[in-house]
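Protein chains in written order, with our numbering: chain A, 1 to 93; chain B, 1 to 93.
Incorrect hints may have been included.
Claimed, not checked - Derived lysine-lysine pairs resembling BS3-like cross-links, with alpha carbons at most 30 Å apart: (1) B:K37 <-> A:K79; (2) A:K79 <-> A:K23; (3) B:K79 <-> A:K82; (4) B:K79 <-> B:K37.
As the list claims (entries may be wrong) - Beta-carbon label-pair distances, calculated as ranges: (5) B:G56 <-> A:L22: 34 to 40 Å; (6) B:P69 <-> A:G30: 21 to 27 Å; (7) A:L73 <-> B:T67: 27 to 33 Å; (8) A:E40 <-> B:W83: 40 to 46 Å; (9) B:Q32 <-> A:D55: 24 to 30 Å; (10) A:T67 <-> B:Q39: 19 to 25 Å; (11) A:K24 <-> B:R20: 26 to 32 Å; (12) A:S21 <-> B:V58: 25 to 31 Å.
Said to hold, decoys possible - Which chain A residues face chain B? A few, computed with CB under 10 Å, are given here: (13) G56; (14) E60; (15) E63; (16) F65; (17) T67; (18) K82.
Note that these hints are calculated values from the structure, not bench results. Backbone N, C-alpha and C define an ideal beta-carbon position, used for all residues, glycine too.
There are 2 protein chains.
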Amino acid sequence: SQLLHSSPQQRPFRVCNWDRSLKKGVMAEGLQNLLDKVQESLHITSSTSLLLEEDGTVIETEEFFQTVPDNTLFMALEKGQKWTPPENSGFHL
Amino acid sequence: SQLLHSSPQQRPFRVCNWDRSLKKGVMAEGLQNLLDKVQESLHITSSTSLLLEEDGTVIETEEFFQTVPDNTLFMALEKGQKWTPPENSGFHL
C-alpha cells in the first residue's frame, strides 16, 4: 500500500530538548509530522518550535525542511525556552 | 506544472536579525524574493538591507546574490542598524 498510494517517504531525524539532556531518533515525512511526533516523544505539550541544533535556525516551512539532510539534529523548544550554542561552539576544527 | 512553467528554483538560506537573537530558514529564488520573505518572517517593516553575516558584505544585486551558496547566513538590517562581527570571529580554524 506504500507503493500504491505513493505516500511521502519517511526520513530519519534526531531531536533534542532545550538543554540537550534528552535526544531521540524520530522518523518523519515532513515538518508538521515531525512536530507531532516530537511533542509525543519528548513529552512537550505547549506550542513547539523546531530549530537546527547547530546554529539555532528556526524552521517554519515545509519547503525549507525538505532541504535538510537525513539525520539532521534539531532542537525542540517550548514557548519561553531559548536556544543556546553547543558547548564546543567556536572550536570546530 | 513546475516543469511546464519552468519557475526559478528556490534555494535555502538562513537569515538573522541585527543582534543575532533570531535566525530563520527561508527559501527564496532571488534577492528581491528573499527580502520580501525576510520582512515577513523577521517582522521587519522598514527598508531592509541584506548583508553576509560573517563579514558584513552588503548584497545589492541579483547577480551577486546568485553566486552565494545554499544555506548562506545573511543578516537583515533595518535603517539605522549596523553590522557587528560575530562573537567567535577570529577563532575559526
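Against the structure, the hints come out as follows:
no. : hint                        : verdict
1   : B:K37 <-> A:K79             : holds, 23 Å
2   : A:K79 <-> A:K23             : holds, 19 Å
3   : B:K79 <-> A:K82             : holds, 27 Å
4   : B:K79 <-> B:K37             : holds, 17 Å
5   : B:G56 <-> A:L22: 34 to 40 Å : holds, 38 Å
6   : B:P69 <-> A:G30: 21 to 27 Å : holds, 25 Å
7   : A:L73 <-> B:T67: 27 to 33 Å : holds, 29 Å
8   : A:E40 <-> B:W83: 40 to 46 Å : holds, 41 Å
9   : B:Q32 <-> A:D55: 24 to 30 Å : holds, 25 Å
10  : A:T67 <-> B:Q39: 19 to 25 Å : holds, 21 Å
11  : A:K24 <-> B:R20: 26 to 32 Å : holds, 28 Å
12  : A:S21 <-> B:V58: 25 to 31 Å : violated, 41 Å
13  : G56                         : holds, 5 Å
14  : E60                         : holds, 6 Å
15  : E63                         : holds, 4 Å
16  : F65                         : holds, 8 Å
17  : T67                         : holds, 4 Å
18  : K82                         : holds, 9 Å
Against the hints set out earlier in the document, a violation occurs for number 12 only.
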